[in-house]
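Novice: Below, each chain spelled out in residue letters.
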Amino acid sequence: MIIDERFAIAAPIEDVWAFFLDVPRAAACMPGVADIAPADDQGRTYRGRIQVKVGPLKAGFAMDVELTDTQPPERLALVARGTDRGTSSMVQATVTLRLTSSGDDATDVAYQMDLAIRGPLGRFGQTVIRDTARKMSDQFVACAERALATPSNA
Amino acid sequence: MPDFDWAEPDTVAETLDLLATRGEDAKLLAGGTWLTLVLRQNLLFPTILVSLRRVPGLDRIAVDPDGTLCLGAMARHRAVERAPAVLAGWSALAETYADVANVRVRHQATVGGNLADADYASDPPTVLAALDASVHALSPRGERLIPVRDLIVGHYETVLAPDELITEVIVPPIPPSAAAVYLKYRTRSHEDRPCLGVAALVDLATDDTCRRLEVVVGAVAERPQRLPDVLAAATGHPLDDTAIEEIAASYAAGIDPLSDLRGSTWYRQRMIRVFVARALRAALARRPPAS
Chain A
0 MIIDERFAIA APIEDVWAFF LDVPRAAACM PGVADIAPAD DQGRTYRGRI
50 QVKVGPLKAG FAMDVELTDT QPPERLALVA RGTDRGTSSM VQATVTLRLT
100 SSGDDATDVA YQMDLAIRGP LGRFGQTVIR DTARKMSDQF VACAERALAT
150 PSNA
Chain B
0 MPDFDWAEPD TVAETLDLLA TRGEDAKLLA GGTWLTLVLR QNLLFPTILV
50 SLRRVPGLDR IAVDPDGTLC LGAMARHRAV ERAPAVLAGW SALAETYADV
100 ANVRVRHQAT VGGNLADADY ASDPPTVLAA LDASVHALSP RGERLIPVRD
150 LIVGHYETVL APDELITEVI VPPIPPSAAA VYLKYRTRSH EDRPCLGVAA
200 LVDLATDDTC RRLEVVVGAV AERPQRLPDV LAAATGHPLD DTAIEEIAAS
250 YAAGIDPLSD LRGSTWYRQR MIRVFVARAL RAALARRPPA S
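Heads up: the protein sequence lines correspond to chains A and B, in order. Using numbering that gives the first Met the number 0, you'd call the opening residue of the first sequence number 0 and step up by one each time. Using numbering that gives the first Met the number 0, you'd call the opening residue of the second sequence number 0 and step up by one each time.
Among the hints, erroneous ones may be present.
[What the hints assert, rightly or not] Calculated cross-link-like contacts (lysine-lysine; reagent style DSBU-like; alpha-carbon spacing at most 30 Å):
#1 A/K57 to B/K26
#2 B/K26 to A/K52
#3 A/K134 to A/K52
#4 A/K134 to A/K57
#5 A/K134 to B/K26
[Said to hold, decoys possible] Beta-carbon label-pair distances, calculated as ranges:
#6 A/Q41 to B/T186: 47 to 53 Å
#7 A/P71 to B/W5: 54 to 60 Å
#8 A/Q138 to B/A19: 27 to 33 Å
#9 A/M89 to B/G141: 29 to 35 Å
#10 A/D3 to B/R210: 44 to 50 Å
#11 B/T46 to A/A141: 18 to 24 Å
#12 A/R145 to B/T186: 48 to 54 Å
#13 A/A33 to B/T241: 52 to 58 Å
[What the hints assert, rightly or not] One-sided and incomplete, this derived list gives chain A residues near chain B with beta-carbon spacing under 7 Å:
#14 V53
#15 G54
#16 T86
#17 P119
#18 T126
#19 V127
#20 I128
In short, the hints are calculated from the structure, not lab data. Being a predicted model, the structure only gives us computed values, none of them experimental. No residue lacks a Cβ here, since even glycine has one placed at the ideal position from N, Cα and C.
Sequences and hints are given; from them, build the entire structure.
Specialist: Here is the structure:
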């Protein structure tokens with residue numbers, strides 16, 4: 000299942016890039032994410048958990064995240080893999096972000112996510128999964144916009 | 000299947016007590032046509048199932064003195080579709096329940112369970128929303144009346160609290176000058192869920208202008224779709240061919256349909272237009288001849 004989205008952030012491309020490369024900071028914007036921490040010294044791999052809720056159904060995935068391609072400040076690719084022990088379901092998300100500067104304080108972000116869910120959750124219904132992924136990514140974008148609109152001390 | 004406790008309370012009060020003490024992991028079991036599926040697929044892990052089958056009175060189907068139809072939460076689809084009172088005053092509703100899945104499922108599935116599941120690809124919520132039905136919900140905090148239109152808020156998500164129980168669905172009378180229909184459009188097999196469903200209610204004044212109009216489209220988004228602005232604009236005007244086509248086009252433009260095995264977004268957009276127009280014509284044709 001491929002999800003394509005585009006959004007604009009009112010911040011310079013360098014700031015947007017720094018935000019996404021700071022995986023724990025960016026991940027904090029994803030609803031349901033917890034305990035994300037580096038898994039190596041190079042900042043390439045991370046571990047964390049994500050809780051997903053659809054009505055009464057809940058899944059908690061233990062996640063491994065790997066940055067597979069970083070071309071500052073334009074392209075970032077990552078693979079996230081996770082397992083939910085409760086439902087014995089697996090998720091894999093391949094995410095590519097492309098940043099384009101559209102002014103001093105404006106960056107266009109195009110992202111593509113290839114999402115695969117296997118196991119009971121995957122059989123549950125692609126429509127519901129897609130809508131849920133969309134909703135989560137909308138919340139992520141809204142949070143990223145807020146985070147970047149607030150000038151940090153860095 | 001996961002392990003869980005089993006309870007069969009004898010009263011509504013006992014049921015509410017169990018829900019309150021066992022918290023969010025207690026699940027109500029009505030007909031079980033949805034719950035058993037997610038349990039068997041290992042998607043839901045309740046610590047206790049609270050069956051409603053022993054609670055008396057929850058399967059009542061009756062018309063109140065003021066003409067309101069009351070459907071108990073545990074009334075089976077099959078009972079609703081065959082109830083003389085429903086057939087006489089709310090034929091569109093009887094037809095809708097008769098058109099769900101197959102007769103075996105309908106003997107099991109309940110009015111309240113269907114609404115509480117909030118599955119997008121379901122027929123009854125669409126019609127109940129068009130008929131301006133409401134649910135009575137009970138919790139330790141008391142009773143509240145929730146319009147079906149406001150009940151479903153997302154995929155499998157309602158405004159009901161975990162300790163809240165639907166006891167009854169109430170449906171206002173359909174005036175003698177009005178008529179309602181539900182058109183179910185299946186793209187796969189006869190027993191399948193809808194690609195879309197359109198419920199329409201039309202009431203015309205003596206001068207043939209629209210006194211009241213309801214159009215609700217189901218199974219195209221996470222909740223039934225009703226466009227109040229479109230309905231308000233059509234009210235007070237004659238419901239001729241031009242008006243019907245305009246309403247249908249506005250619904251097609253105003254809904255962003257989802258995509259699933261029963262139809263893509265593109266296809267649903269076009270079918271909304273076709274079936275909204277058909278439903279309006281069918282409702283007009285069903286109105287009693289002017290006396």
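Novice: If a hint holds in the structure, say so; if it doesn't, say that too.
Specialist: Hints and how they fare:
1. A/K57 to B/K26: Since the Cα atoms of A/K57 and B/K26 sit roughly 14 Å apart, the hinted pair holds (cutoff 30 Å).
2. B/K26 to A/K52: Within the cut-off at roughly 16 Å; holds.
3. A/K134 to A/K52: holds (11 Å)
4. A/K134 to A/K57: holds (15 Å)
5. A/K134 to B/K26: OK: A/K134 and B/K26 at ~26 Å, within 30 Å.
6. A/Q41 to B/T186: 47 to 53 Å: holds (51 Å)
7. A/P71 to B/W5: 54 to 60 Å: holds (58 Å)
8. A/Q138 to B/A19: 27 to 33 Å: holds (31 Å)
9. A/M89 to B/G141: 29 to 35 Å: violated (44 Å)
10. A/D3 to B/R210: 44 to 50 Å: holds (46 Å)
11. B/T46 to A/A141: 18 to 24 Å: Check failed, 35 Å falls outside 18 to 24 Å.
12. A/R145 to B/T186: 48 to 54 Å: Violated: the Cβ-Cβ distance is about 42 Å, outside 48 to 54 Å.
13. A/A33 to B/T241: 52 to 58 Å: Once the Cβ atoms are compared, 56 Å apart, the range 52 to 58 Å for B/T241 and A/A33 holds.
14. V53: holds (6 Å)
15. G54: Holds - the Cβ of A/G54 comes within 7 Å of chain B, reaching about 3 Å at its closest.
16. T86: Nearest chain B Cβ about 5 Å off; hint holds.
17. P119: Where the cut-off is 7 Å and the nearest Cβ of chain B is about 5 Å from A/P119, the hint holds.
18. T126: holds (4 Å)
19. V127: holds (5 Å)
20. I128: Not OK, violated: A/I128 not within 7 Å of chain B, min 9 Å.
Figure legend: structure checked against the earlier numbered hints; hints not met, in rising order: 9, 11, 12 and 20.
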